[in-house]
Each structure stands twice: as C-alpha cells, then as structure tokens.
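Peer 1: Residues per chain are reported as follows:
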Amino acid sequence: MIKRKDSPSAQGDNRKRRFEKEALLHLDAVYRSALRMTKEPTEAEDLVQETFLKAYRFFDRFESGTNCKAWLLKIMTNIYITEYHRKSREPSGLTYDEGEVFSLYEQIEGKEGKRAATDPEKRFFDRVMDVEVKKAIEDLPQEFREVVVLSLLEDLSYQEIAEALGIQLGTVKSRLFRGRKLLQKNLWEYAKAKGIVSDSPER
Amino acid sequence: MNCSEAQRLLYDYLNGELEQLDLSRVESHLKVCSSCLRTFEFERRFQSLFVDRIPEETAPPELRSAILDRIDQLEQPRTSFPLSRKRPFFRPALVLAPIGLVVVFLAIVLFTSDANRKEPLDILLQNHIRAESSTEGLIYSSSDPQSVSSHLERELGFQTSLAAYARSGAILKGGEVLQICNCKVGLAYFSTHEVGISLFICRQGELTCPQMETVSYRNREYHFATIREFNLLVWEEEGLKFIAVSRHRREALLDFADRRA
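In order, the protein sequences belong to chains A and B. In my numbering, each residue's number is its place in the first sequence (first place is 1) plus 91. In my numbering, each residue's number is its place in the second sequence (first place is 1) plus 1333.
Think of the hints as simulated: they come from the structure by calculation, not from any bench. Don't take each hint at face value.
To be verified - Subject to a maximum C-alpha distance of 16 Å in a straight line, what follows is the list of computed EDC-like cross-link-like pairs (lysine to aspartate or glutamate):
#1 A:LYS213 with B:GLU1376
#2 A:LYS276 with B:GLU1376
#3 A:LYS272 with B:ASP1402
#4 A:LYS107 with A:ASP137
#5 A:LYS264 with B:GLU1389
#6 A:LYS107 with B:ASP1402
#7 A:LYS272 with B:GLU1376
#8 A:LYS225 with B:GLU1374
#9 A:LYS145 with B:ASP1405
#10 A:LYS213 with B:ASP1402
#11 A:LYS285 with A:GLU197
#12 A:LYS145 with B:GLU1338
#13 A:LYS276 with A:ASP230
#14 A:LYS145 with B:ASP1402
#15 A:LYS160 with A:GLU223
#16 B:LYS1364 with B:GLU1338
#17 A:LYS226 with B:ASP1345
#18 A:LYS213 with A:GLU197
#19 A:LYS225 with B:GLU1389
#20 A:LYS213 with B:ASP1385
#21 A:LYS112 with A:GLU136
#22 A:LYS276 with A:ASP210
#23 A:LYS145 with A:GLU197
#24 A:LYS264 with A:GLU254
#25 A:LYS226 with B:ASP1385
#26 A:LYS160 with A:GLU229
#27 A:LYS107 with B:GLU1374
#28 A:LYS130 with B:GLU1390
#29 A:LYS226 with B:GLU1390
#30 A:LYS264 with B:GLU1374
#31 A:LYS130 with A:GLU254
#32 A:LYS276 with A:GLU154
#33 A:LYS225 with A:GLU131
#34 A:LYS225 with B:GLU1350
#35 A:LYS112 with A:GLU154
#36 A:LYS213 with A:GLU200
#37 A:LYS285 with A:ASP217
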C-alpha cells in the first residue's frame, strides 16, 4: 500500500472539518451574543464573521476538550471591545456601590403583594413580554451588558468572563450584581409604563 | 448561616460559583428559612426569564456559508499555488539556466474590503520595494519590514504553507510584510540559484501599468511592461493574478510563465 503524505490541502481540509464540528457548532450562540452586544443585525454578522475567521486562524491554539463556546466568545468580545466599541468604552458613570439598589422582589412583594391574594411574582413574570426581556438587556450600559450576556445568556463562569473581558474576577461579580439590578429596574419601568404596576399606593 | 450571609451569596449560588462548603451551608439555611427561600426562588425565576423568554435566534444561513467561504479563501493559497506540486523552478534542467543570482518572491495579497483603489505597479515598486544586489542576488526590502514568521502567522495564518513551500526544494530565507495601498502583502523569498524572477500572486484586484502592452505567447495572453530596470509580466491563472518582475529579458519571463502553466 502506498502511503501518501498529507498535502497542505488535505491538512486544510482536516482542519476545516474539525473546525466545523467543534467551533461552527456554536454559531447560533455566538451570533445571539453578538446581536445582544451590537444591537444591530448587520454589525452582529460582521462581528461573527471576524470572530470565526480569527478563531480559524488560531484554531491550533484551542485546546480540544475545553469550553469552545467560551473560547469563541472570548475572541468575539475582544474584537468587539477593540474594534467595534472603542469609542464607547468609557464607563457609564454608574458606580457599583450606589447606596440604593433596586430590588424587583421588594417592589413586587411590597407594592403588589399586599392586595394580590395569588402569587404576585407569577402575575408579574407572566405579563413581561419576550421583547421586553430582550430590550432590558439591550438598554443596559455596555459594561454591564457584556457580563450579563456572557453570564445569564451564555452561562460562562466568572473566571471565563474575567478572561474574556480582561477584567478582575471581583469586577465581574460586582458588574453582574449591578447588571441584574439594572435589568430588574428596566423591567419594572416597562411594566410601569404599560400600567401593569404602579409606584403609587393602591387605592 | 444567617440571612444576610445567605443573601450575600445568593448570586454566586445561582451562578453555580459556590464551593462545596458554602454551597451546603446555603442549602441548609434555605431549608429552615422560608423568607430567604422565597427571594432565592424569585431570583432564580428572574434569571430563567433570560433563558426562556428570549426567542431562540438562529444565525442566518448565509452567515454560515459566508464564514465557510472565507475559510476556503484562507486555505486557497495553500491549495492553488502550483509551486509545490509542479515545482517548475526546481527541475534539474533549470539549474543549468544561464542565470546566476536568485531570489524568488512569493507574494500573497489579501485585499481588505476597502481596497478598491489600486495603484499602478510602478508606484508600488517606487514607493515600497527596494531592490539591491548582494551575494544572494537581488534582495528586496520594504518600507515596512516585519518578520514573516510572526506577522504572517498572526495576520494570515500562513506559517504552515510557507513551510510547505520551503520543503518543496527552495531554502526559505525569510520574508517581510508590506502594506501596499490597503492591501496586505505577505512576502517570502527563497534562494534557489536558478531564476531571478520575483513572482507576486494576487487573489483579486487590477494591477495594471499605464504603458502595458498585450503579448501573445504559445496561445496564451500576457501583459508586458518595462519599468525602470525591471520587466513586468502580468497574467491570469485559475482566477489568480500573477505578476512576474525581473531584470531578465521579456522572453525569459514569457518562458517562465509558460512553464508554470
């Protein structure tokens, strides 16, 4: 039997096949995150293309068996931060330890709970619309949106998020905490605007 | 564990970030404290909103094919340059060719999206490439030298293909990367002591000189021009544009191009 050496093209084919199986598998997840980050379908598509191209170039450095999605999201956030949003990287001005932190739970229990005999939370959650959930994330200032997308939507660990964004673990935790509170506040505001809930005492 | 400690660990708990010890302490607190349990349940429910209620957006099918196309383009230089397969430079007969000093350039041009503006080759030569004689033959250098190994690998992912060319018989001498009117050009030069022709291979673009003339040779069409001491031959092959630059006669360039085909 004649053994043939792998030609460069055969190596390329192998690499491509492996890449499709391990990395391109996460296309939807990366696209969704890109969409949440950029809020713009065409910009998201560009970002995703750049991400996978870069990932392909560096695919040799990806350790098989580790979290490929986290690795891709790390590449994506890197590109996003350095190329797409350089100008808006200034902190939003929100500090992480502002005294009064919004609690949706207290709002619902306090304002609604008194009069509603049945599960007030269920009432609230049932009335939140899908599009508002999405909007709540997109309305977050960028530094919170990043951690919220990676944690709540993509389920990355604190450590993975810290690496992806190049920030300290403690910063991940505080931004996530604050981000969740802001999300709750956003949802509460939307509900208020629709007249589902109100801040004023019930008559 | 008291309530405030449990509340402090709430998000770490929900995010699955608690170590075993804290985890069991939180869980035993939740068994006995219904008030904390309610807030934990609330936050868990809140968290699941984002998983359950955001419609499953899938990437458009064109996006997938666009990525695969671009990957193919990345791989293309490895597969469609006939150098390593046909090895026209390294036939024994060519060793006897009456040409002494040699540097072979391989240029792979990746045009960026905004690379619609092209400059004639003479401007490229004038501004960006310097040719000088040395014991190795003609050594070309650029105004923006960077080592091939680091830059090509980082920017183009090309290291493997360079190694493949080097194995095909030439001695890899090094290389540079040029930025030419919005195009990234990767250069690798080989010392073969056979021919003194620099070959640029471009994926797309219109590299033409004002004074170019059309030449027919063995049923194929070429474009030829002379710029200062250089002769230039431009032709197309498999959708790629080839540009040979040399101080040798036109016939030598035509013969070189014909042997490649």
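Peer 1: Against the structure shown, which of the earlier numbered hints fail to hold, in ascending order?
Peer 2: Violated hints (numbers, rising): 3, 4, 5, 8, 10, 11, 12, 15, 17, 21, 22, 23, 26, 27, 30, 31, 32, 34; every other hint is consistent with the structure.
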